[in-house]
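Model the placement of chain B on the given structure of chain A, informed by the hints.
2 protein chains.
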Amino acid sequence: MTQPTEIERLIEMMAKLPGLGPRSARRAVLHLVARREGQLAPLARQMQQVADTARACVRCGNIGTAELCPICADGRRANGQICVVETVADLWAMERAGVFRGRYHVLGGTLSALDAVGPEELRIPDLIGRIAEEEVSEVILALPATVDGQTTAHYIADRLEDRVTLTSLAQGVPIGGELDFLDDGTITAALNARKPL
Amino acid sequence: MTQPTEIERLIEMMAKLPGLGPRSARRAVLHLVARREGQLAPLARQMQQVADTARACVRCGNIGTAELCPICADGRRANGQICVVETVADLWAMERAGVFRGRYHVLGGTLSALDAVGPEELRIPDLIGRIAEEEVSEVILALPATVDGQTTAHYIADRLEDRVTLTSLAQGVPIGGELDFLDDGTITAALNARKPL
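Chains A and B supply the protein sequences, listed in that same order.
In terms of the numbering used here, the first sequence opens at residue 547 and continues consecutively.
In terms of the numbering used here, the second sequence opens at residue 547 and continues consecutively.
Isolated chain A (complex conformation) (with noise of 0.2 Å):
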């Protein structure tokens, strides 16, 4: 073999982040090794220290350092609201459009039969416990548009709806999107749900 087992092994390590394979892990390695003070050694501390410190919020499942996310945490945010999102980075993506001021629920997947994920899987639990305790008034579904994401919305609704308003996000046309690139379903979505001028 060429290359040390170590490096071997880091690559390997590496390729299987997602986004990266063999070829492009390899190059990252060799871009790492040749910058041993300057970014490799840091990088390293810096994952031990993620992974030492990082753990799930208890309330919300968002990623935080302690028991209670950022989020969770700050007094300044509404209460009475709930965004409901599949997965931490469907929640950071929430949080850079910056429009958003309560709080958040993230599920960590959607229901699938085919997985055989059940509502006990993905902290169904914890949100119907959290509307009886918080107060809240609103829970907004922002889950995807795919079948296995509204499957997971709709049960939800079914379990919610006497208790809260329950919204969802609008599906239309993108902003700067073209209508010659849209599929059928979402142009079909946002004629349905046309709006008078």
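These aren't lab readings, by the way, just hints derived from the structure by calculation.
Be aware that a few hints might be false.
To be verified - Below, simulated SDA-like cross-link-like pairs (lysine to any residue); rule was C-alpha separation at most 25 Å, straight line:
no.: 1; chain 1: A; residue 1: Lys562; chain 2: B; residue 2: Glu558
no.: 2; chain 1: A; residue 1: Lys741; chain 2: A; residue 2: Glu684
no.: 3; chain 1: A; residue 1: Lys562; chain 2: B; residue 2: Lys562
no.: 4; chain 1: A; residue 1: Lys562; chain 2: B; residue 2: Thr599
no.: 5; chain 1: A; residue 1: Lys741; chain 2: A; residue 2: Leu712
no.: 6; chain 1: B; residue 1: Lys562; chain 2: A; residue 2: Asp598
no.: 7; chain 1: A; residue 1: Lys562; chain 2: B; residue 2: Glu552
no.: 8; chain 1: A; residue 1: Lys562; chain 2: B; residue 2: Glu554
no.: 9; chain 1: B; residue 1: Lys562; chain 2: B; residue 2: Gly654
no.: 10; chain 1: A; residue 1: Lys562; chain 2: B; residue 2: Gln592
no.: 11; chain 1: B; residue 1: Lys741; chain 2: B; residue 2: Gly723
no.: 12; chain 1: B; residue 1: Lys562; chain 2: A; residue 2: Glu552
no.: 13; chain 1: A; residue 1: Lys562; chain 2: B; residue 2: Ala639
no.: 14; chain 1: A; residue 1: Lys562; chain 2: B; residue 2: Ala643
no.: 15; chain 1: A; residue 1: Lys562; chain 2: B; residue 2: Asp598
no.: 16; chain 1: A; residue 1: Lys562; chain 2: B; residue 2: Pro588
Leaving out everything else, chain B in the frame of chain A:
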């Protein structure tokens, strides 16, 4: 901020790797944080391990964990031939082909007037020293077919031409390559170097 600072900093560091940007770094970090025990902690340890042990081979410039890299330390490889490559990645590519059984010399770059890279920056004096010490009979120049790569090849050839046999990798149609997708320069080179059947 939504992401705790530690995780944010890790994302920033990952985004500096070649082939990753802010978006894919975020995805990779979320993937790792969701697998703290199984992937993140082992990856951090492996990186630290490589940061502590990896070093350049004093003879050829390849990466290894000892003073001599596995290739230079391997007594079964032929001493008479040295294959000169630009980077460690190029050396690995040559080794994957698996046909060359001699030694290597990694320049670490190519001569470049624009970037003020001269022979001293490139381990060229080391190469000339090795020719004298190691009873080398052939130097194979496997440098990139770019202007800087060919300038470097000519410079090395000038310095060594009366001491060893100099060869370079053949240029022509890649195996499996279709003429229609090849650039004019490659087709010209392949035609000029045509061989009797």
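### Query
Can you name, in rising order, the numbers of the hints this structure does not satisfy?
No hint contradicted; all consistent.
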